[in-house]
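Engineer: If you're matching positions, the sequence shown starts at 1 in UniProt numbering and goes up one per residue.
Note that these hints are calculated values from the structure, not bench results.
It is possible that part of the hints are untrue.
Said to hold, decoys possible - DSS-like mimics (lysine-lysine), calculated; alpha carbons at most 30 Å apart, straight line:
id, residue 1, residue 2
1, Lys305, Lys152
2, Lys71, Lys277
3, Lys77, Lys284
4, Lys71, Lys305
5, Lys29, Lys154
6, Lys118, Lys29
7, Lys154, Lys277
8, Lys374, Lys384
9, Lys154, Lys269
10, Lys359, Lys269
11, Lys35, Lys71
A quick note: this is a predicted structure, and the numbers were derived from the prediction, not measured.
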Amino acid sequence: MIERLDFGQSMPYNAAEASIHLNRYAMVKPIIKNKKVLDAACGEGYGSYLLKTWGASEVVGVDVSQTSIDKAASIFKCEGLSFQCQNVETLQFPNHYFDVIVSFETLEHLDHPENFLKGIRRVLKPGGTIIISCPNDPYYYPDEETCNPFHKKKYTYFDFKNFTEQFLGNHAHYFLAFSVNGFLNVPFSYSTEPSDSMPLDMLEMMNYISCDNSLLLKQDRYLNHWNCNYYIGIWGKDNIVSTINAVFYPREFFNNLKDEDVELIKEIKVWQNQKDKDYIDYKKELDLQQLKCERFSSMLELVNKEADCLRQNYDTIYSAYQSSKNELELLKKQQNEERQNHENNLDLISNELDCVKRKCQSFEVELSTIKKSKGWKLLMLIYKIEGAFRFR
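Construct the complete structure from the given sequences, taking the supplied hints into account.
Structural biologist: Here you go:
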């Protein structure tokens with residue numbers, strides 16, 4: 001079985017996988033009318049969408065993968081349906097919030113499944129219903145050395161029953177899931193030719209047809225918990241206990257297989273197993289690359305924020321620079337004006353000084369002329385005579 005359905009074209013349509021995934025949700029269809037439903041570990045949201053279209057008043061799908069939640073929100077859109085990225089071991093909802101809680105193939109993936117069970121019991125309304133499924137890993141991987149690389153633990157039926165009842169109580173009802181053999185009548189128009197195009201992706205599973213006129217026969221072989229495909233536990237009202245549901249698809253029937261047919265089927269099975277393994281490996285690599293892309297995207301976002309901050313700082317600094325530059329230009333202009341005024345004043349003072357010098361020179365010439373004149377000499381002689389008589 002494929003761990004998680006991918007609704008992109010990277011996963012081609014597979015009727016067997018579509019039937020096993022759709023069958024789990026189909027079991028809930030009769031009890032969700034006008035109910036508030038939690039789909040815990042919803043993957044890419046196909047089941048949450050079906051629950052809403054089947055009559056639930058509100059459906060909330062939660063998953064630990066942000067990539068899956070984003071994809072679910074982009075593909076499956078309708079009123080009353082929402083998706084949130086949450087770890088189901090730490091559910092972020094009020095107490096007694098949901099009427100119905102479903103979680104299919106989840107328990108085996110968790111490090112602390114007890115926290116998950118406590119959480120869904122806390123958010124369930126009194127009288128509500130919990131439906132959980134768990135794969136029969138011991139059937140798929142009978143050896144202790146082999147296991148599903150995505151699973152934390154293998155649960156036998158009794159492991160599943162005893163563990164869940166510790167937290168959800170023992171008033172539970174259990175179902176076992178098996179593959180189906182039988183015959184199906186379909187209109188001739190339902191037939192296809194080798195030249196017809198096949199569905200491209202898993203979205204084809206949403207185009208199912210309801211079949212009411214079906215009968216369940218008693219099996220002709222031993223069937224029990226040890227050889228079923230998965231187990232289902234139901235905690236809640238008794239009216240769902242009698243519900244038997246099936247999701248099936250038509251295929252050819254081999255009668256009197258020849259040896260070469262058996263060998264061919266074995267080869268095809270080996271090839272299919274290898275393809276499934278390759279798909280798991282490619283999916284893991286794709287998930288790793290997506291994580292890297294998300295990390296690089298976060299780093300790019302941080303770099304862009306830092307660049308915006310630097311641009312803002314640059315704008316602030318450049319604005320301050322322009323302001324300082326303008327102030328400097330103004331100061332230079334004022335200084336030039338003051339210098340020009342000083343130079344003008346200096347020229348004026350210099351001119352005045354030259355004028356004074358010329359006057360002084362003129363006075364000196366006049367004084368020299370006076371000193372050389374006879375009158376000056378006679379005056380000096382008179383001063384000397386007066387001085388001589390004054391001191392006697």
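Engineer: Which hint numbers doesn't this structure obey?
Structural biologist: Of the numbered hints given earlier, those the structure breaks are 1 and 10, listed in rising order.
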